[in-house]
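Number of protein chains: 2
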Amino acid sequence: MSEIDFELKELRDEIDEIDSQLVSLLAQRRGVTTKVGELKSKVGMPIYAPQREAILISKRRKQAMEAGISADLIEDVLRRLMRDSYVSQDESGYRCVNPECEKVVIIGGKGQLGKLFVDLFTRSGYPVEILEQEDWPNSDTILSGAGVVIVAVPIRLTTKVIQKLNHLPESCILADFTSVKETPLYEMLKVHVGPVVGLHPMFGPDVTGLIKQTIIACDGRMPKEYLWLLEQFQVWGAKIYPVSAQEHDQAMSMVQVMRHFSTIAYGYHLMTEGVDISKLVEMSSPIYRLELIMVGRLFAQDPILYSDIIFSNLDNVAMMKRFAYRFLELLEDVESRDKDAFVAMFSQVSDWFGEYAGVFLQESKAMLVKANELKKD
Amino acid sequence: MSEIDFELKELRDEIDEIDSQLVSLLAQRRGVTTKVGELKSKVGMPIYAPQREAILISKRRKQAMEAGISADLIEDVLRRLMRDSYVSQDESGYRCVNPECEKVVIIGGKGQLGKLFVDLFTRSGYPVEILEQEDWPNSDTILSGAGVVIVAVPIRLTTKVIQKLNHLPESCILADFTSVKETPLYEMLKVHVGPVVGLHPMFGPDVTGLIKQTIIACDGRMPKEYLWLLEQFQVWGAKIYPVSAQEHDQAMSMVQVMRHFSTIAYGYHLMTEGVDISKLVEMSSPIYRLELIMVGRLFAQDPILYSDIIFSNLDNVAMMKRFAYRFLELLEDVESRDKDAFVAMFSQVSDWFGEYAGVFLQESKAMLVKANELKKD
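Just so you know, the sequences run in chain order A and B. Mapping of the first sequence onto the numbering used here: position 6 corresponds to residue 6, and the numbering continues sequentially without gaps. Mapping of the second sequence onto the numbering used here: position 284 corresponds to residue 284, and the numbering continues sequentially without gaps.
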């Protein structure tokens with residue numbers, strides 16, 4: 001072993017020793033945060049405490065700068081630790097906002113999203129029952145005495161399922177989790193006389209908890225009666241965003257229907273052009289890899305899910321046609337070499353994005369760093 | 001203060017104490033990795049050591065599991081620390097692969113990308129000179145005796161600049177950094193008789209170093225003569241991806257031209273539809289926020305940069321028209337309610353993506369977690 005090799009080995013041993021201490025320290029931290037979770041759960045305090053988080057981070061940023069290391073480094077590490085500690089605190093259970101509620105029924109409670117809420121309600125001490133397709137002969141028993149009924153079935157079944165719910169207890173809250181809101185809300189108000197609220201959880205079924213996640217709430221009837229339900233979601237860490245069903249559906253047609261469709265069309269285009277996907281991946285910079293991730297991820301999922309969303313409303317077809325024609329219109333600028341027109345359009349859209357453009361650019365940089373960190377080779 | 005408040009305060013003090021130890025430990029680690037960097041720089045060892053990285057991580061994952069904490073948690077933290085330590089090691093300078101090279105000239109060395117390479121060459125001990133627009137009267141002096149000349153100017157100036165380089169020393173390596181490769185390579189081979197290589201660094205100018213970044217290399221002439229230059233990039237941590245200029249340009253038209261154009265068209269569409277951007281952002285789930293980030297980030301940047309790329313080749317117009325017509329063709333399935341045709345197309349594209357679809361879905365999940373961590377409120 002040369003002298004250099006020896007020196008390097010010594011330094012690496014030192015790093016290993018530090019890393020080993022690091023693991024012990026993190027284990028110790030996890031022990032304490034679990035205790036915090038137990039304590040909070042006992043008295044029903046919310047787990048997510050943004051103010052405490054902000055103070056904790058700013059103290060350590062300051063200390064990091066004094067110690068001559070990067071403040072961003074310590075902030076990133078602490079945010080990662082806090083995410084982990086939320087998970088551990090989640091395990092301690094949650095406060096039950098309405099102990100009077102005798103029964104929560106989740107229709108489709110064995111589905112991915114349904115399962116998540118069955119688990120959360122159960123861990124908050126609510127009696128929960130599940131109603132699946134095969135349980136309909138038994139539905140009278142399951143639904144009797146229900147304080148909340150949530151419809152969490154695939155979008156194409158929602159209307160049919162709601163129409164069967166014409167015997168709910170008068171005071172029962174009726175809600176649904178569909179990704180469109182106008183039609184289900186209309187159907188729920190028609191079938192049920194009590195409190196009604198349309199919900200759209202804005203996250204996929206693979207979240208580990210509701211901390212910082214958004215649930216959109218579209219009022220149907222008697223908001224005072226279902227308020228406690230929204231509070232329960234907040235105890236789980238969710239942010240409630242109230243909006244009208246119409247506004248919700250318009251926004252979703254732009255971010256959900258339109259983007260999904262256009263991404264699918266792009267995948268189809270790549271295939272039809274005869275692109276070599278593995279070479280394309282190899283050649284991609286982090287930002288193009290991220291673009292490809294956003295396309296490819298769709299095709300690992302259920303085509304029925306996406307076609308249900310895209311086929312849900314014929315109005316969307318007209319809006320998407322407008323996109324295609326705008327696309328062709330802008331292409332004409334390129335074909336006629338009219339760079340000035342193109343740049344003018346670009347600047348107009350920049351103005352329209354306003355400060356979001358800059359915010360998004362900053363966030364995308366953080367995402368790119370993360371994407372590069374994920375690369376294993 | 002109630003008993004609960006008191007208990008909570010005690011636990012939070014404990015966390016603060018642990019976090020303070022954490023900062024000290026990270027400062028200590030940084031001290032050691034800086035020494036590693038100095039040592040490596042002295043003997044010219046590469047900073048990025050994938051094998052050592054893999055072993056280091058697997059050891060700590062094992063220890064984490066034994067300590068009852070998440071192995072992924074410690075891996076994420078260590079990857080973040082390693083990224084930081086690369087930065088510190090970068091500061092120690094790099095091995096010079098070819099000390100015989102008397103001069104490196106970067107044309108456009110004051111531009112964002114040019115600056116990065118001026119810095120890297122300088123820190124590796126090469127004499128570096130910059131040639132900017134105002135320096136052309138002086139170019140004979142600047143270029144005389146150059147061992148490497150790299151053209152790092154905006155795409156619309158590349159050809160004009162290359163055509164001026166008809167007096168380079170015969171043995172000089174001529175290279176460019178343009179994001180298209182066929183035309184510049186053709187021009188370089190015409191103007192210069194010595195070694196020629198077309199390069200495309202696949203990263204933005206805001207990277208902190210070249211670790212794990214890709215540089216595409218398209219051979220022009222005399223690869224043996226410019227091999228040391230590619231080795232130098234590798235010493236800086238870059239991965240070299242050799243490919244023909246034609247294949248490069250085809251791939252870039254798909255991932256760069258087409259995606260940029262379509263994203264710009266989508267931004268224009270959002271604006272023209274009269275969308276309320278702040279509400280759209282509020283209502284977005286992490287995945288839709290990520291979609292919006294990818295759109296908005298473009299509009300924080302230079303319109304000239306994007307229009308130069310999009311207007312660079314008329315062939316791209318035909319390809320993008322094909323996209324628009326495919327988009328309209330698929331919309332017809334939606335309009336005629338032909339879900340089966342849509343699902344069949346979707347499945348075909350899924351097959352074409354093959355295992356990448358699943359890989360991308362996994363990666364997108366990690367990105368979403370990161371996106372949610374970034375949310376400050």
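Because the hints were derived from the structure by calculation, they are not lab data. On a predicted model such as this, the values are computed, not experimentally measured, just so you know. Any given hint could be a false lead.
To be verified - Calculated cross-link-like contacts (lysine-lysine; reagent style PhoX-like; alpha-carbon spacing at most 25 Å):
hint: 1; chain 1: A; residue 1: K212; chain 2: B; residue 2: K9
hint: 2; chain 1: B; residue 1: K365; chain 2: A; residue 2: K365
hint: 3; chain 1: A; residue 1: K365; chain 2: B; residue 2: K9
hint: 4; chain 1: B; residue 1: K365; chain 2: A; residue 2: K279
hint: 5; chain 1: A; residue 1: K42; chain 2: B; residue 2: K9
hint: 6; chain 1: A; residue 1: K42; chain 2: A; residue 2: K279
hint: 7; chain 1: A; residue 1: K212; chain 2: B; residue 2: K212
hint: 8; chain 1: B; residue 1: K212; chain 2: A; residue 2: K365
hint: 9; chain 1: B; residue 1: K59; chain 2: A; residue 2: K279
Status of the hints after comparison with the structure:
1. A:K212 <-> B:K9: holds (24 Å)
2. B:K365 <-> A:K365: Holds. K365 of chain B to K365 of chain A sits at ~17 Å (cutoff 25 Å).
3. A:K365 <-> B:K9: Since the Cα atoms of K365 of chain A and K9 of chain B sit roughly 37 Å apart, the hinted pair is violated (cutoff 25 Å).
4. B:K365 <-> A:K279: holds (23 Å)
5. A:K42 <-> B:K9: The given pair, whose Cα atoms are some 16 Å apart, holds under the 25 Å limit.
6. A:K42 <-> A:K279: violated (55 Å)
7. A:K212 <-> B:K212: violated (32 Å)
8. B:K212 <-> A:K365: holds (16 Å)
9. B:K59 <-> A:K279: violated (33 Å)
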